[in-house]
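Enquirer: Here is what each chain is made of, one letter per residue.
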Amino acid sequence: MSAIPKEEYLYKCTSACAGCSSSLCLRYVLKAAGPDSVLVVPACCTSVIQGIYPGTAMNVPVYNVAFAAAAACASGMSEAFAALGRETNVIVYAGDGGTVDIGIQALSGAFERGTNFLYICYDNEAYGNTGMQRSGATPLGARTTTTPGGKPTTKKDLDRIVEAHNPPYMATACSAYPLDLYKKVQKALSIEGPKFIHILAPCPPGWRYPTEKTVEMGKLAVKTGTWILYEREFGKLAISGPSKAAMKRPAPLEDYIRGQGRFKNLSPETLDLMRQQVQQNIQRLSREEAGVC
Amino acid sequence: MLTIATGNRAVADAVKAAKPGVIAAYPITPQTEIVEQIAEYVTAGDLDSRYIPVESEHSAMAACIGASVGGVRTFTATSSHGLLYMHEMVHWAAGARLPIVMANVNRALGPGWNTWAEHTDAFSQRDTGWLQVFVGTVQEAYDATLMAFKIAEDERVLLPVMVNLDGFTLSHITQSLDTVELGDFLPPFRLPHAIDTSNPLGYGPMTGPADYFRFRWDIERSMRDARGVITEVEREFAERFGRSYGPTEEYRCEDADVVVVAMGTLGKEAEVAIDRLRDEGVRAGSMRLRWFRPFPDLDLSGRDVVVIDRDYSFGFGGVVAHSLKSKTGIEPYSVIAGLGGQEVTYNDIADFVRNRHPGKEMWFGVSDHV
Amino acid sequence: MYEIRIHSRGGQGGVTAAKLLALAAFRDGKHATACPFYGAERRGAPVVSFVRIDDEPIKVYSQIHEPDLVIVLDTSIMDVVDVLDGLKADGTVLLNSAHPVAGCNGTCRHVDLTGIALAQNLVVAGSPILNTPVLGALAKVGIVTLPSALQAIREMFSDERNVKAAEAAYEELKI
Chain U
1 MSAIPKEEYL YKCTSACAGC SSSLCLRYVL KAAGPDSVLV VPACCTSVIQ GIYPGTAMNV
61 PVYNVAFAAA AACASGMSEA FAALGRETNV IVYAGDGGTV DIGIQALSGA FERGTNFLYI
121 CYDNEAYGNT GMQRSGATPL GARTTTTPGG KPTTKKDLDR IVEAHNPPYM ATACSAYPLD
181 LYKKVQKALS IEGPKFIHIL APCPPGWRYP TEKTVEMGKL AVKTGTWILY EREFGKLAIS
241 GPSKAAMKRP APLEDYIRGQ GRFKNLSPET LDLMRQQVQQ NIQRLSREEA GVC
Chain D
1001 MLTIATGNRA VADAVKAAKP GVIAAYPITP QTEIVEQIAE YVTAGDLDSR YIPVESEHSA
1061 MAACIGASVG GVRTFTATSS HGLLYMHEMV HWAAGARLPI VMANVNRALG PGWNTWAEHT
1121 DAFSQRDTGW LQVFVGTVQE AYDATLMAFK IAEDERVLLP VMVNLDGFTL SHITQSLDTV
1181 ELGDFLPPFR LPHAIDTSNP LGYGPMTGPA DYFRFRWDIE RSMRDARGVI TEVEREFAER
1241 FGRSYGPTEE YRCEDADVVV VAMGTLGKEA EVAIDRLRDE GVRAGSMRLR WFRPFPDLDL
1301 SGRDVVVIDR DYSFGFGGVV AHSLKSKTGI EPYSVIAGLG GQEVTYNDIA DFVRNRHPGK
1361 EMWFGVSDHV
Chain H
2001 MYEIRIHSRG GQGGVTAAKL LALAAFRDGK HATACPFYGA ERRGAPVVSF VRIDDEPIKV
2061 YSQIHEPDLV IVLDTSIMDV VDVLDGLKAD GTVLLNSAHP VAGCNGTCRH VDLTGIALAQ
2121 NLVVAGSPIL NTPVLGALAK VGIVTLPSAL QAIREMFSDE RNVKAAEAAY EELKI
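Protein chains in written order, with the numbering used here: chain U, 1 to 293; chain D, 1001 to 1370; chain H, 2001 to 2175.
Next up, chain U with everything else stripped away, as it sits in the complex (with noise of 0.2 Å):
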């Protein structure tokens, strides 16, 4: 962890939940991306993090914008800055609902434009802002308030859809291994073109466990292999070390359910569903870097 900066662009002033693993990537992003960076936000648990007006808990330009909107935006935004000859980052750090759902159009626009910028989901898996409302990123069986009997559709694959664009560079995160994030968005950023990035963010409130376990909540998602840590840079997929050896021996995928108030009550089929996802994934992503495809 020597090699990540000291300086602080996001301020112990928050207004984030307590346990909130958002907020805790929000802080490596930016000491990755450094001072010349401009965050786009579209409506989000971040609108609401950042403070309320006056006050500021970031030490980095913020746009908030519609909830639509913060692809197109930084669109306009990153070709302002070329046409000013500058080089700030322009980077849009959004939600799940802001990006599977209502934002997959701008975000998709953007891409195949080739927009020069970062685009960061931080996954929560659902409507984090407004209560727990389910998101087309809300997992199978997860409760939410607008599932209260489980959901009953698989989570949205946003990252194959997101590679079928061929950005120059995409990766999948996790709140529980910031040196991996810190890395992949040093990265990105030192690549022209649409960059994405995935993370997943447990939210204490939303999953319903207790704020202390946010980081074990994230670990026992990439053990389990629920949630997989990749790159892929124009095209070529490299699995990330704390997934390599989750994929080999995936710890048991009750580990990471028990603990969530979100699958109380997931009926023996619905599990079994999850765990034959896992696997699938497991060995789609396997046999793709193996080559095997």
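The hints are simulated quantities; they were obtained by calculation from the structure and are not laboratory data.
Just so it is clear, the structure is predicted and the values come from calculations on it, not from any experiment.
Don't take each hint at face value.
[Unchecked claim] Below are the SDA-like pairs computed for lysine to any residue, each with C-alpha atoms no more than 25 Å apart in a straight line: (1) D:K1360 - H:S2158; (2) H:K2030 - D:G1204; (3) U:K156 - D:E1055; (4) H:K2030 - D:R1276; (5) H:K2030 - D:L1002; (6) U:K187 - D:T1197; (7) U:K12 - D:Y1203; (8) U:K248 - U:D272; (9) H:K2030 - H:S2062; (10) D:K1016 - H:S2062; (11) H:K2030 - D:F1241; (12) U:K12 - D:T1197.
Add chains D and H to chain U, keeping to what the hints say.
Expert: Relative to chain U, chains D and H alone:
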């Protein structure tokens, strides 16, 4: 240079002269020629702008917002459903105090699909905090677009400006156009609150009622100040380029007993009707309303007023007729005409005057006085 | 004010012909407007364009209901559209046709614009270009001067064959 051009071409040529740093473009009939022509200019190297071919109008305005706060002059063009699709961002642009200029080629709204002229699209955005000007000729489309940048970017205004031109009737008509050598008419773009990473600010975070309320008043104060800025800019334009404009264009109004108030091309067509009526001995005049936001002060006291609305607010009435009524106290004869491109000739307009019923409303060709 | 209505099919150049005519009149020192009346933009559909020419600025935007001159670039349209509708009693009709066409009242003139375009090999995407030769015919009718017609063509097109076609139409049209 004196040439001929369509209304759309005139807007594109004004944009070329204004040299925006970023242009967001999405096609929609009957605006498409504007973004096509600008694409040609950019591709040919005649215009050094970053051209963002966005995937929707919502993203067009979002991109303009990002670019404008990024520190460059920005432009986009739209029409009808495109304008309504970006509605959320239209509000955002004004609230964020960004001097974006947008051409809106006025067109009806579905269903059913209708690509012809109507003003309801623009009026649906009247409460967003945008300045709105409506033009009546190809030359005016060019001149108003140039002036729009100067007015919007004035530090006393810092609000976006929408230049409205009638779909097909003006966007596709060919008329003479005198393009100008701009010189220093437009100063370099300067936005006091442009993003500066050496001075990290939070833009539009959570804001409590007291501050929010003050920001809204700031918008209204700038909208009020905009009247004076518009007059200044129009006066400077007249001095430099010889063409003068005002909040309204009046025609033979001085001694008129009855005045026709209309907007866009119908306001020009009305002048022909006035000549016919004058030939018959009717002391008629016309007033073409150019600026709709900020709404100008109108002096129409002591006259009969016939308002032609190419729009409607259902359950209420013609938007212009009722705006005029609330501002002047005059009960006009409210004619609803030209919706969805309905053909309205100068003979029809003369008939509106001959058969006027002040205080009544009439849907041309559809309803009697009601 | 002299009012002209042009009938063509989408893709035949009627809209451009109207613009060229307005430009030529403008180069003659007149005021002119040209306006197409569009539906959806589709090839082959009947299209109407309007041109007005006057010594005074033109403020009229409505359609032309009583034209002084009707131009028909594709006579097959006459089966589906009443091209003579509203034509003034002393009005003129100009047809793209090698032969006189029955049922045409008023002063009816015809010239084989298609043949002229093909002779110059003026063909785009399989269709002969009619909008430049028709300018020559209109100069012969006296709507614009020939020098202005040719200047307008040169301003809008770089291919000299367009000028040659206009000159040929000027020669071929019998007054």
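Enquirer: Each hint: holds or not?
Expert: So, going through the hints one by one against the coordinates:
no.: 1; hint: D:K1360 - H:S2158; verdict: 57 Å, violated
no.: 2; hint: H:K2030 - D:G1204; verdict: 54 Å, violated
no.: 3; hint: U:K156 - D:E1055; verdict: 22 Å, holds
no.: 4; hint: H:K2030 - D:R1276; verdict: 22 Å, holds
no.: 5; hint: H:K2030 - D:L1002; verdict: 13 Å, holds
no.: 6; hint: U:K187 - D:T1197; verdict: 21 Å, holds
no.: 7; hint: U:K12 - D:Y1203; verdict: 20 Å, holds
no.: 8; hint: U:K248 - U:D272; verdict: 20 Å, holds
no.: 9; hint: H:K2030 - H:S2062; verdict: 20 Å, holds
no.: 10; hint: D:K1016 - H:S2062; verdict: 30 Å, violated
no.: 11; hint: H:K2030 - D:F1241; verdict: 22 Å, holds
no.: 12; hint: U:K12 - D:T1197; verdict: 20 Å, holds
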